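My request is simple: use the sequences and hints to build the entire structure.
Numbering-wise (my numbering), the sequence shown opens with residue 35 and increments by one.
No lab work stands behind these hints, which were simulated from the structure alone.
Computed cross-link-like contacts, SDA-like style, restricted to lysine to any residue with a CA-CA straight-line distance of at most 25 Å:
1. K363 to D293
2. K248 to A236
3. K123 to C182
4. K351 to S309
Pair ranges (Cβ atoms, derived):
5. I520 to K69: 43 to 53 Å
6. I520 to W142: 45 to 55 Å
7. P439 to G101: 31 to 41 Å
All of these numbers come straight from a predicted model, not from anything done at the bench.
Glycine included, each C-beta is placed from N, C-alpha and C at the ideal position.
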Amino acid sequence: MDRRKFIKIALASPLALNLGCGVRPMIRRMAVREKITIAENGRSDYKIVVSREASPSERHAAEELRGFLKEMTGADLPILTDEVGMNGKEIILGRNRHLDGLNLQIDWGKLGDEGFRICTVHPHLVIAGGRLRGTMYGVYTFLESLGCRWFAPGVSRIPKLERLSVSPMDEEQIPVLEYREPYYTEAFDGDWAARNKANGSAQRLDEARGGKIKYSHFVHTFYSIIPPDKYFKEHPEYFSEIDGKRTADRAQLCLTNPDVLRITIETVKRWIEESPDAMIFSVSQNDWGGWCQCPECRKVDEEEGSHSGTVIRFVNKVAEAIEKEYPDKFIDTLAYQYTRKPPKHVKPRKNVIVRLCSIECCFSHPLDECPEDRSFVDDIRGWSKITDRLYVWDYVTNFAHYIMPFPNLFSLKPNVEFFVEHSVKGIFEEGNYSRGGNGEFAALRAYMLAKILWNPDCDDRGVMQEFLEGYYGKAAPFIRDYIELIHREVPGRGIHFH
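Put into C-alpha cells, the structure is as follows:
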C-alpha cells in the first residue's frame, strides 16, 4: 500500500513536527538553512499579514495565531493587511500581495479548499492554502508543530516558550477525505472542530471557522419527501406494496411510480431554495425494511440483483433533474441493510453520493481481517468499482450501552485506511451524539478519529498516548494499561463486537 496517497507532504528540514503522523516525506532542498526566531523573551519583530480581501477563515486564522503565540511566548504580533508595503519580518497568511512578491510557486488548484503549504522564505514564514479552510488548517498545523493540542472542548495543551525558533521547512498537506465527521457530542464544538480539522454537518462551524460540508435533510428522508399523513389516504400507490397490499406502516416508497419521482424532484428543489448553502441533499430510505414488492419494483430488483438497483435508478433520475438547475449540488442516498449490496448494471451519476453503512459489521477487528465482515468487504469493493462518490457511514460505539467497554480503538485507523484504499471520499463516524455526550472514552475516540480522518497514515498509538497524558494527567499510565488489557482479550477470546 502506498501511504503517500493518503496525505501529500513535503518537508525541507528536520523540523520536529510532532503530529503523531507517520507520513513519508518528500525532501526539497532549500538554499537558506538558517533558523528564524519569531519570538524571544516576550518580544517579536514579526507581523502577521493577510490579504485586504482575506476570507473569514483567514482573518480568524490570523486572530488565532496571534492569540496562541501571545499565550505561548508573551509576544503580541500585530495583524496587518497587504495594503501596507512589505517591511521587516512577516508571517504571511494566505494568498496576498506580499506572498506574490516572494515568487513562490504554489499550485492553488492542487491545494483545493483545504490543502495548505507551510514554508520558510528567510526571514519570513508563509502559511498559505485554500481560502475556505486551507490557510486556517495550516495555522493550526503550525501551532501543533510547536506543541499545541486541543484534546476536548475546555481541555488543551498550550506550551510556554521563552524562545520560539523555526528551522527551514517546506511542508504541504492535502487531505484525501473531503468529508470528515466524528459524530460525538464532544466534537460538535466549533473551535474544537476547526482546530482538529473536522468539517462535518453537525459540527458548529460558522463562516469564520471555515464552514462545513452541509447536508439538507440528513438521512432517512423518504417520509419527509412524501409524508404518509398527507398522501396515503388519497394515493396509497405512492407507498410500498407488501404481500399484495399497499402500506405506509414501517414501509418505503414505490420508486417506480412516476408521481413519486415528480414529487421528489419538486421537494428537493424546494429544499435547495430553502437551504442554498447546503451542498448535499439526502434522498434516502427510511430506517427500517419494508421495500416495495410491486411488479415494477420487483422487476428492477431482479434485473439488478439487489434492492439498491431500484434506489439508484430512482435517485439517478432525481439527480439528473436537479443537475440542470443546480450543477453544484449533490444527491445523497444510502447503501444500507437491504440496499447494501451494489447493483449489477446501473451506476450512480456523478452528482450522486452513496453512503455505504457498516452497521452489521464486527468492529473489534479490522474490517478486512474479520471473517464476519467478508460480505461487507465484497460490497465496498463492488461499490468502489461503480462510483467515485462513495462515502461511508461507520459505527464506533456501543449504542446499547454507551458506558460499557467497546474495544475498537485499535481498529479505527485500519478501518479508515481500508475505506480510503477503496476510494471512499467521506466518512461519518457515528458515536454517542446524545445530549450531554460522554460514553466510554468518547472524548478520546472523537480526538483520535479527527486525527485519523485528516491523515489516515498517522501514528494512532502516538495520538492516543498524547491524549491520555494531556487529558488524564498522572492517571494516563493506568488508563493505558486498562485499554491494552481490554483490547488484548478480544483476539484471545475470539470476541466480536457489533
